[in-house]
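K.L.:
Sequence:
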Amino acid sequence: MQHAINLLRKKKPREAVKYIKEHIKPGDLERCPDIRRVLALAAMLDFPPPEYEHLLGEERKQQLVRLFITTSAAVLGMTREPLLPPLVFSGLCAVKSGACLETAAP
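The UniProt record's numbering puts the sequence shown at residues 1 to 106.
No lab work stands behind these hints: they were computed from the structure.
Please note that the accuracy of each hint is not assured.
[Claimed, not checked] Derived DSBU-like pairs (lysine-lysine); straight-line CA-CA distance at most 30 Å:
(1) 12 - 25
(2) 11 - 21
(3) 61 - 10
(4) 61 - 21
(5) 61 - 12
(6) 10 - 21
(7) 61 - 18
(8) 25 - 61
(9) 11 - 61
(10) 25 - 10
(11) 11 - 25
Remember, predicted model here, so these are calculated numbers, not experimental data.
Make a model of the complete structure from these sequences and hints.
P.N.:
Here's what the structure looks like:
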């Protein structure tokens, strides 16, 4: 869907409709009403009605990025914050601690 919206954003309605026809099954139209809206938007691309403009806006892209980060973090069981800073901090604490001496391991 997002690929078709990006094609519409680039003013390529024929490619967007072709992409939807190739990748969307009839059952998908019933489950996702946005597919019909994207097809309608392809027909009205030069003068999109206000209720369709949100599909092409930058806010839509930011919303999808936030949704992807939240969903992928939930699926993978991770936090939304990057893990590198606390891991580097932990590593530096371990290196500076007295237990990290140059002794042979048993």
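K.L.:
Taking the hints in turn, state whether each one holds.
P.N.:
Results for each hint:
no.	hint	in the structure
1	12 - 25	21 Å, holds
2	11 - 21	18 Å, holds
3	61 - 10	14 Å, holds
4	61 - 21	23 Å, holds
5	61 - 12	18 Å, holds
6	10 - 21	18 Å, holds
7	61 - 18	22 Å, holds
8	25 - 61	24 Å, holds
9	11 - 61	17 Å, holds
10	25 - 10	24 Å, holds
11	11 - 25	24 Å, holds
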